[in-house]
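Chain by chain, the residues run as shown.
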Amino acid sequence: MLEELEALNDEARAELVEVADSEALRTWELAYIGRNGQVTGMLRRVGDLPPAQRPAFGQRANEVKNALQAAYGEREQAIKAAELAERLAAGALDVSLPGRPVLTGGLHPTTRMLRRFYEIWADMGFQVYRSRDVEDDMHNFELLNFPPHHPARDMQDTFFTTEKDVILRTHTSPGQIRAMREYYPEPIRVILPGMCYRHEQITARSEVQFNQVEGLAVGRNIRMTDLKGTIAEFARRMYGSDRQVRFRASYFPFTEPSMEVDVSCILCDGAGCRVCKYTGWLEIAGSGMVHPNVLRNGGYDPAVYTGFAFGMGPERMIMQKHGIEDIRYFWGNDLRFLQQF
Amino acid sequence: MRVPISWLKDYVDITLPIPELAERLTLAGLEVGKIEYYGVPSGDSSDGHLVWDREKIKIGAIVEVKPHPDADRLTIAMVDYGGDALEPCVNGAPNLYPYKGQGRLDPPLKAVIAFEGAELYDGHKDDGSRMVLKARKLRGIENRSMVCSEKELGLSDSHEGIIILDPNAPVGAPAQDVLGDIVLDIELTPNLARCWGIVPIAREVAALTGQRVRYPSDACVMEGPPIEGQAYLKIEEPALNPRFTLTLIKDVEIKPSPYWMQRRLVLAGMRAINNMVDATNYVMLETGQPIHAFDYDILVERAKRVGDVVPTIITRTARPGETIETLDEVHRELDDFTVMVCDTAGVLSIGGIIGGAESEVYDASTYTLDAHGVEYDAERGKADARPRGTTNILLEVASWNFINLRKTLAAQRDRGKEVNSEAGQRLSRGVHPELALLANKRAIEMMRRLGGGTIAQGCIDHYPAPPPVAEVDLPLEFVNRLSGITLASGEVVNLLTALEFECDLRNGGTVIHVVTPPHRLDIDPHDPATARADLVEEVLRIYGYDKIPNTLIVDELPPQRSNVALEREERVRDVLVQAGLREVVSYRLTTPEREALLTPPGAASSWPDAPYVVLANPTSSDKVAMRQTLLSGLMDIAAANLRSVDRAAIFEVGQVFLKTGEPLPDEPPRLGILLVGPRDLPAWMDQNAPESMDFYDLKGVVETMAQALHLPDVTYTPAAHGTFRPGRTASLNVAGASVGVFGEVHPLVSRAYGVPEDATVLAAEFDLAAIQNHMADDRFRVEPISRYAALYQDIAVVVDAGAPAADVQAEIVQAGAPLLREARLFDVYQGEQIEPGKKSLAYALTFRSDTQTLTDKAVAKMQQKVIKALEKKFDAKLRV
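Listed in order, the protein sequences are those of chains W and X.
Terminal number for the first sequence in this note's numbering: 341, no gaps in between.
Terminal number for the second sequence in this note's numbering: 880, no gaps in between.
Hints listed in this document are in silico derivations from the structure and should not be mistaken for laboratory results.
Glycine included, each C-beta is placed from N, C-alpha and C at the ideal position.
Just so you know, not all the hints are guaranteed correct.
As the list claims (entries may be wrong) - Negatives, chain W to chain X, calculated, CB over 10 Å: (1) Leu8; (2) Asn62; (3) Ala78; (4) His108; (5) Asp154; (6) Asn221; (7) Ser264; (8) Asn297; (9) Glu325.
Unchecked claim - DSBU-like cross-link-like pairs, simulated, lysine-lysine; straight-line CA separation at most 35 Å: (10) X:Lys34 <-> W:Lys277; (11) W:Lys277 <-> X:Lys100; (12) X:Lys417 <-> W:Lys164; (13) W:Lys277 <-> X:Lys9; (14) W:Lys277 <-> X:Lys839; (15) W:Lys321 <-> X:Lys547.
Isolated chain X, as found in the complex (with noise of 0.2 Å):
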């Protein structure tokens, strides 16, 4: 909320420089997000704001508005600024017009006067440009000064008209003094709701700052016939409305508030309307009720309609099928606990929300009234539109539930017809019962005030449901257990009562009683456990959270467990990272069509048909459901990387999202590993480009990761999946069990995904909980190194084209056991020099024993061993 400081100064004295009470609030609780600067300094000339030259702009009263012999539109304002003469002021002002040629006015018109070398905003221009006024000459008559418009002084964007203050105001007395200000701009959290109005701040300075709050008087001059007997009020829900007030004003006079109350209005960020409106925006602003006005000759109106004399107000909720148009024009529909304000013709307004069309004084989104009083239709454009004159007004200020109110806030946005309202917005966060009567007599005053009229005698206020007023003893050991400090019962006590909440000690001072004040409905009064915790909050916020020291905790340490699957993720992460690969992470929500994009078109998929995760309300239509797998965004990531980069090698580590039968779906986590592009980076020292990387890139990575990880008794096998190319797909298995397959992406689905077409993309998803679930432990047994030396062999054996690889591997190394440790392949060879349909593997072996110096006789045993075993399993060929 924005609070005016001028404003603030009503109610309590500003006893610290304005930045400083900025952190004493923001420390308590009540952010402040800005502070803007109107004419004044703040303190800190590098912050850039428009200061008002205290000599050169003035208050000036202009005594005549002559004509200007050679120009119609411009008028010269003579202008009494205290000075020894009148200063003839050239200006265009529209609204000086009428005044031109009229002699001496009397009382002269305020306003403000800037003099050569003030610096303002360009009224001509809307980039915020600055300007130094200049004397010149103006159709021909000498000038040196300018009445400024609000635009000029930097306090609008209003330009049509220069600024006609109140008649009161000082002639002489520099402008910052009557208009320069400072606007705090506090955020508030939930909790903070009461401090939704400048009293209510200003109770929170007073207790920051050990001052007392000037309330406002609710002092009214009612001289009219009593309001008993002119309407009746009937409140059928107290639950839904605890208190409701009507006072009744009759003849006031309708037009534009005085230049004060505006300005006051605009800080605040609010607009000025009319009197009778601004009063009901002036009061709400001050006090934090909102306030909503009848027109009472149209509530007689409608009682008569339905044979009534006396309007009688009625509090109810919603009838089924009934329905309202409200004043921003939205027809609505209304829920069985919608409470309504309705008379004996029907509904008036939505209790606490917004207003019906029919009922309004005035209809606020069509009216509005300009800074000085001049009206406007704002579809018509035209002045006076509309007939002035006096009219009758009962004011409803009223309590409601603010859950109730939240509701039915809620149900009119889910049908699409959210209601933007002041009053909707405070009270559905909770305003105190108790303020109901005081703003209502403010505001009726205040109308009194401005409009004229005379106030109907006495108030309507039915009050059936008072909160219950929270009253909890809080022991003082709860206060330092739970804060750390140490504080001593009167302490407490005078921090408490800052807030005025009502103290008294008891047990010997070791308790102290606590009673809420009756405009605060935060402090819990059912439950203790909680007061008490809300009452620490309050203690502390006043006492300084910038004087609670550190320490640390002495409390008994909880028994420590290590988490296995977190610590297993990231070994994971640190085997890729070693083997060259950059972790991602991408966005855990997609489309399912994005996703099906890894099947290719006409083909079936191989992915698990699970229901998706799906939005109800989504924010983007690239992001309405959970994944369900991470090769999607893997694609994503890289296709989006090949129009700057030549080459990735990522990975993602992360959960997909399955739903079940059950509310809440399976969360599996996943490890995605995606290659493409060049396997190295390009040098300057090598003549050829590198080559891409294809599918035993990828297999490599694969291979180093079981490696490290010690995975059991891997094996790879060829696999079918709709995502890969046929031929060039892989599982990879553990223990016997796929963990999930890799190889080369189908082109086509690289294709749909946006990769150049020239581009290989490899790629692997695996079950990351089962990979967890294989990791050895810390305690891997670790291989003793042999003392002896090594004796290598190489063999070449030929096999049928179709026999894998691993197979013969597999046999080499079963059959050259104990004494064979390591069979590589080196070489793959078909062509001219073997038969057709068969392939050669060469393989270099490496015989060591543990326990003696191996013999050149004992390796050939060995080697024949293994050949023979070949022989007989692939009949296979030594080749020579």
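Chain W on its own, in the form it takes in the complex (with noise of 0.2 Å):
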């Protein structure tokens, strides 16, 4: 009867090499090793055997027995890892195919770059100060040391109101004597974003309206090297690390000493192209040192006070930063231009 449990032995092992999927092994299992499976009998049949010979037949029957079912252990494993594999494969995807598209929302860019001024402005103890679009002459010309007639008004068209001497701000400069006659005697630390008016046509260089962000700081020593240096950092986190600021000499009524701040070009780094017309520059602010009747105007003494004042436009920049040709976009809220933000 060992032989023949040693022949049933060899017949289960050659078999279980052969069984290739779950349905075989299951089939195998029963017919071996199952509760009505050949090895199992012959563990049963050992009540025939002479007393004799049972422990020694009893032990190498459940030694086959053992080895034959790890040996299904293994089959299994390596059965059913090889169909999982069939089975994953066959649910291969063309992963080229376009996605689920997703709905997304977003800023206009004027107000992404506006928010990038905040914080940066912030970081520098510049708080934001709004005030209103439809101004008088008196706050958005003439406390500013623009009189009437004086030929600085020339340089802002100016949308006049049917109401006397009410207009559409040309600057959002008004706010500074609104923040000083606030502020006063604290010192001022400002930036003053909002939008402006200028009596223009609408063409891809020029707008009706538009963003301006000017700031303003007022104190016992604010100095025109503190202007440089403040800008200067605006232009590195804005721009990056290595950008070189340059000041040169402007007019602002506003402001005197006045000065135009350029900031080595984004693109080109200095080097000449097309967006700073090969001059290695790009001009970001109007700016200079507030000037004495302005500061009287505000409440604060130019004996005592200086201040600087500086004023950058939103949308050039965002303009110089994208390659933007055409500022009419800003406004025309085209969502195929809007998207691309």
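Join the two chains, each given in its own frame, into one complex according to the hints.
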């Protein structure tokens, strides 16, 4: 009977090697090691042997059955792994097909740029101060040192309203006066963002409305070098750490001295390109030291206080940054433009 | 202003390469917008301008003009260019015809000759294309050269004839050396009005480069009988006319100016007219001082008309009803502040702005002279239409109150009669009276040199109101405090002296006493604080802004405040972006008619009846008033976008403008939202196209916003508003008050804005200030998460179809408190299975306790309580 057992063992092992799927495996299991399997059956027949042979046979039969069971386990794992692999392979997708579109919202590019301004300037202690769009001549011009009929008024083409001396602000500078009058005698560090208006024809280069962000610092020891250093810090935050900044003399009625601020071109690093008109410099701000008359009109004694002011155009900075050549895109609100941000 | 370098060099040595000079000027505030090169190289070969070949384009002398044997319209110019033999040059220049067949010319005509291989502009094309000169036969005669027109050299568009240079042009010299030039185009800010002349620019160049200015001489040969007794002068309003000077020249011949002068005028941007007009323009360009010439004989005749012998020039303000016809043929009414130049017979000109038609020496708008002295009548087109001869000229050079000139110009402009005069432009920006006499002498002497004649001895010079001299003490400490750099007093003195300020040190060198030179009006003479700031700017301009270092503010930090309104506005933006909306920013200018489209035709408007802020000077007919709503702009944006895309989910945050009784309007901030198009984007894996958004898409956005902003006590109630579809309009109420309405836009309104008829537009406009006021600050309470499991029950109740679901919901929440934590409506049903006039509302209820695990029994009790409450309030039946 022992020979019979060994033959059965060889036969089971040989068959197991041939087993290829779960179903065949189950058949094999039933045939050999299941409750009614042949190996199990032989174990049950141990009583047919003479008592002396029984222990040896029993031991061997158990060995065989355990070994077959282990082999079965291994085979089962291998088959399952193979079957899983096959199933997964059958479920392969064309990963080059487009994904399901996701609906997203987004901020207007000007808002994004304004937020960048708020963030950078807040880090330098400048708070946001906003004031009205429809202004009076007094705040927009006279208190800012533009007397009536002064040639400087030619620099700002103005929308007048049918109400006498009421205009659309041409810059956010009226807020300088309002902030100074509100905060005197505290030192001041504010930025003044907002929509401004100029009496222009709308073209790719000029708009009737645009945002401006002005800055104002007033104190007992505000210096021109501070203005340059502060704007340089801003430029480094906005455009990267290797930005150079330069002053160019200019003229604004509400600052004296007045300077344009140029930053080394953000696209060509100063080598010269189309955006910087081959000068290597981009104009980013008009600036200057607050004019004594303006300090006085804000309540600050020019003998004691000094201040600086600057003005920047967020839309123009966005145009430079992204190579946008038509300023009309901003208020055109074509979603094909807005969705690129 | 345009500055030809050849002219600038008359007054100052140029020690820097031109691009570097341009950079220095730009940094000092004289922004060089453009550098133009004429024939000379720029050092940057990539800019592509035409450089005249030094070997192939030269100055030549046409010694004889021979007829062409086979062509009447061609001649052969025999040109001496410094070579061994004369060069025969076949050409068709009409201005050589008069010399044809006249034998040897003495003196010869100086011209520019170009040889084979030279690159030139193509005279027959207007597109700026160039050509390389080739040898060829012209009607049988071999030709390898060309005498050039201005157009061929790129000097102007003139191709009527060839350039004929002044007799002293050096034969054989490269044309580059004689005619080549560079022009700086400088943009001048209003504070640099003093720089509007070649000499003032030379002064800036000298200060910036450490050179000295060679000022033009005011020497005059005055040999005629004294002017005193031949003209009289009276100034009635010295404050408006602080200085007036007159000189007189007699028997001067009017003819073309020499070529060099014409060339300079053209490079500087003016036309050459004749020697007299050119002399006044030339001296104006040189000094910055406008000059006016009267025909003296006409003045004498006018004087005789009223019984005088000698003309008397009177300056005074215009009298009531007085008018003038100016030389631009405009009949002008005058204001009581307009200063007129008059004589005893009446008005002659508007002082400092424009001459009258009657007393002009030459009407520049009608008569022109071409570059070669052929005189044209622009109207008749015939040469020599006007007799030439000699004339007598009384030359006016005066100073005017520039603010008054600006008022005058503005008044004329407001009448629709804008004056465009070079004199008016310059004088209205401020010209120092000190220049008047110098310019007068320069101009009268220039007239004598160009046209002969005799200058009367002396000048009439009335100077009743010299401007105050700005004189100020400039503390060194102030210079250094304002600038942040450390300069020694000696340095400051040197920098200011370079600009001709007179400086001396006081108080042991700590204070610089500064006197402003007599060509500047820009240093404030009345307010020392302003004058000091003005002077610091001058110091730094010359010191060099490029040398100013960067520092950070060391001054006291102001008290820090947060801007709550802005922070909340930005939060609203973020919430809407999270809800999938895209922000737009529209024009704040519109028309009342456009916004009226928000009310369907014939319906009553639901918008407030506030007056608009209306522009007095709009630039386009669709932007004449400030908006009163965001919705109109959003509708326009939607309609425009639906031409290229099929979906828009947008919002805008910004002010509207409502006039009140005050001069300045209210500017309340608003929030507008608009949805149109499919709910989802189409995708390849979806069989059906996505459905259109409806009222509940917008409601979902509004609810999401209200929740995210922690608005208190939010309710939605039906509302009526003309812009929206009846029955699909709701009010958003916060803390018991409406903050605005939203809903489906009335189809007639959508159509009025050009939205496609099949598109349903959902829109909202809310009072942003009210929303901001109700937004919780960032200390809102956060609920703890219960450790106990929740139990879920669904119920469906049948109520009247007209019962608002929100009321049912509120009742459930109230009745189920505190264990009922959520009641989510998951089905609304009307139909066969229930009674007509009823609807079934199905809710998923979530019960949970924070302190214990709930039993089924406790939940059943709560549920009963809810059902009882609904039965009582809505006569509801539990649907089983």
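Status of each hint after checking the structure:
Listed as outside the interface, Leu8 (chain W) is consistent with that label: its C-beta sits roughly 56 Å from the nearest C-beta of chain X, beyond the 10 Å cut-off. With a minimum CB-CB distance of about 50 Å to chain X, Asn62 (chain W) clears the 10 Å threshold, and the non-interface call stands. The beta carbon of Ala78 (chain W) is kept farther than 10 Å from every beta carbon of chain X, the shortest such distance being approximately 36 Å. The beta carbon of His108 (chain W) is not kept farther than 10 Å from every beta carbon of chain X, the shortest such distance being approximately 4 Å.
In this structure Asp154 (chain W) is not separated from chain X by more than 10 Å, as the shortest Cβ-Cβ distance comes to only about 7 Å. Residue placement check: Asn221 (chain W) does not keep its beta carbon more than 10 Å from all beta carbons of chain X (closest about 4 Å). Ser264 (chain W), annotated as away from the interface, keeps every beta carbon of chain X farther than 10 Å; the closest lies near 13 Å. For Asn297 (chain W), the shortest C-beta to C-beta distance to chain X comes to about 12 Å, beyond the 10 Å cut-off, and the non-interface label holds.
With a closest Cβ-Cβ approach of about 19 Å to chain X, Glu325 (chain W) is found to remain outside the 10 Å limit, as its non-interface label requires. Using a Cα cut-off of 35 Å, the hinted pair Lys34 (chain X) and Lys277 (chain W) holds, with the two alpha carbons roughly 11 Å apart. At most 35 Å may separate the alpha-carbon atoms for a hinted pair to count; Lys277 (chain W) and Lys100 (chain X) exceed this at roughly 51 Å. Restraint check: the Cα-Cα separation between Lys417 (chain X) and Lys164 (chain W) comes to about 23 Å, which is no more than 35 Å; the hinted pair holds.
Pair hint Lys277 (chain W) plus Lys9 (chain X) holds up; C-alpha atoms about 28 Å apart against a cutoff of 35 Å. Between Lys277 (chain W) and Lys839 (chain X), the direct Cα distance comes to roughly 71 Å. Violation of the 35 Å bound is thereby established for this hinted pair. A threshold of 35 Å between alpha carbons decides the hint, and for Lys321 (chain W) with Lys547 (chain X) the separation of about 28 Å falls inside it, so the pair holds.
Violation of the numbered hints given earlier is confined to hints 4, 5, 6, 11 and 14; the remaining hints are satisfied by the structure.
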